[in-house]
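S.K.: Sequences and hints are given; from them, build the entire structure.
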Amino acid sequence: MKLFTAVLLSLAAVSAQATPRTVDTARSDISFSVKQMGVAVEGRFKRFEAQVNFDPAKPETSSAALSVDIASIDAGSDEADSTAAERAWLDKAGFPKATFKSSSVRATGPGKYEAKGLLTIKGKPREITVPFRATDQASGATLLSGQFSIRRTDFGVGGGEWNEGDLVSNDVPVTFQLLLAPAK
Amino acid sequence: MSQPLPQRYGAIAQAGHWLTLLLVIGAFALGWIMSDMKMSPTRLKLFSYHKWIGVTIFGIAVLRLLWRQWAKAPPLPPAMPAWERIGAHLSHWGLYALLLAIPLSGWLMSSAKGFQTVYLGHFPIPDLIGRDRELGKLLEDVHELLTTILLFVVGLHAAAALKHHFFNRDDVLTRMLPRWRKTGDAS
Ligand code: HEM
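As you go down the protein sequences, you meet chains R and L in turn. If you want my numbering, it's the position in the first sequence, counting the first as 1, plus 9. If you want my numbering, it's the position in the second sequence, counting the first as 1, plus 38.
In short, the hints are calculated from the structure, not lab data. We put the beta carbon where it would ideally sit given N, CA and C, even for glycine. Please note that the accuracy of each hint is not assured.
With the C-beta cut set under 7 Å, the calculated list includes, among others, these residues of chain R facing chain L [said to hold, decoys possible]: (1) Gln45; (2) Gly47; (3) Val48; (4) Val61; (5) Gly85; (6) Ser86; (7) Thr92; (8) Ile137; (9) Val139; (10) Glu170; (11) Trp171.
Covered by chain R, per the in silico footprint, the following chain L stretches (three or more residues, Cβ under 8 Å) [stated by the list, open to error]: (12) 81-91; (13) 155-161; (14) 167-176; (15) 185-193; (16) 199-205.
Taking lysine-lysine and the DSSO-like style, the derived pairs with C-alpha atoms no more than 27 Å apart in a straight line are [to be verified]: (17) R:Lys101 - L:Lys201; (18) R:Lys44 - L:Lys201; (19) R:Lys106 - R:Lys125; (20) R:Lys106 - L:Lys83; (21) R:Lys110 - R:Lys125.
M.R.: See below:
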């Protein structure tokens, strides 16, 4: 009987999941900005995988899992790219992926949501809150977009001499746009 | 407008000239050192200082050119042969052109590489062009090439100044130098 309820409950949990939506990564974007000597330098990741279940009618059932390929960084020049990939920074060799896995999603207003979850960079997981908006596109697609800020030192990004003074800002704003194909 | 031409460069023209020399030496030394460095906070600082010096050189060159409209340059010595006159004019205008073009190419290169130039860390200079990796590399080559040409023209220019002083024994060099007091009191 216990087993039966457990099975029933888990089935219910599965069916309560919002339907998975294909993420059009070619038209999605994950970018960030780092300030050095008062100069903001923009960067983005060209390759990432994203599994997103999103249902605006039942936001609590939504979830997201992203995996970003560190090697795909584009910080504007070969030099900036290779610096970002070094051990002191994102350590491409040691930690080729940065990931995000949501734990909960809730609505905060019309078209506005908030996801909580675990962001893992350089193997260090940190709980973050990501506010985002969902806008319906004419094609039936949905655009999720948002911005949040992380502190790079929370993840051990850019240690040692890089943290002296305020040469390189600790706060790193991240913006993202995920284009979800129309729900099937 | 028929003022007689001056016989010497004035204090402002001289200050602009020698300050430019100091700044060019500084920018060149920084550029040389930082391009061979491994990425580090110090290197980022040197990049910024190099850019600030470059912007200053550009600004001073513009001011010098404006000032020159007002305080005319002294005429070249009458004894100078025509080819030397042409050479002097070409190299002076060439130097001004390079003093403008080198910082310009550096600024555009910086934009193309995704680093805006922020003068003295406070005054952002707008990016005229967007991020473009290939253009960034091309502009880097242009920046280096122009600098090499500057080095060459400056060498020629300084050699000519010294030749005038020691061989022709005219006042071409001294009129670009402050007039020392006859008493020998240089303060
Ligand atoms: C970065 C290095 C230098 C640059 C960019 C530079 C540039 C210039 C320019 C543009 C002029 C023309 C001024 C005008 O008529 O408005 C000039 C004049 C002059 N420069 Fe330089 N110069 C440099 C280094 C030197 C050095 C090292 C010397 C001396 C050894 C020198 C000696 C002179 C003299 C004597 C004049 C006056 C020429 C005349 O009387 O017509 N310069 N320089």
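S.K.: Next, verify each hint and record whether it holds.
M.R.: Hints and how they fare:
| no. | hint | result |
| --- | --- | --- |
| 1 | Gln45 | holds, 5 Å |
| 2 | Gly47 | holds, 4 Å |
| 3 | Val48 | holds, 5 Å |
| 4 | Val61 | violated, 28 Å |
| 5 | Gly85 | holds, 3 Å |
| 6 | Ser86 | holds, 4 Å |
| 7 | Thr92 | holds, 5 Å |
| 8 | Ile137 | violated, 26 Å |
| 9 | Val139 | violated, 25 Å |
| 10 | Glu170 | holds, 5 Å |
| 11 | Trp171 | holds, 6 Å |
| 12 | 81-91 | holds (count 4) |
| 13 | 155-161 | holds (count 4) |
| 14 | 167-176 | holds (count 3) |
| 15 | 185-193 | violated (count 0) |
| 16 | 199-205 | violated (count 0) |
| 17 | R:Lys101 - L:Lys201 | violated, 58 Å |
| 18 | R:Lys44 - L:Lys201 | violated, 50 Å |
| 19 | R:Lys106 - R:Lys125 | holds, 20 Å |
| 20 | R:Lys106 - L:Lys83 | violated, 30 Å |
| 21 | R:Lys110 - R:Lys125 | holds, 8 Å |
This entry does not satisfy hints 4, 8, 9, 15, 16, 17, 18 and 20, going by the numbered hints stated previously.
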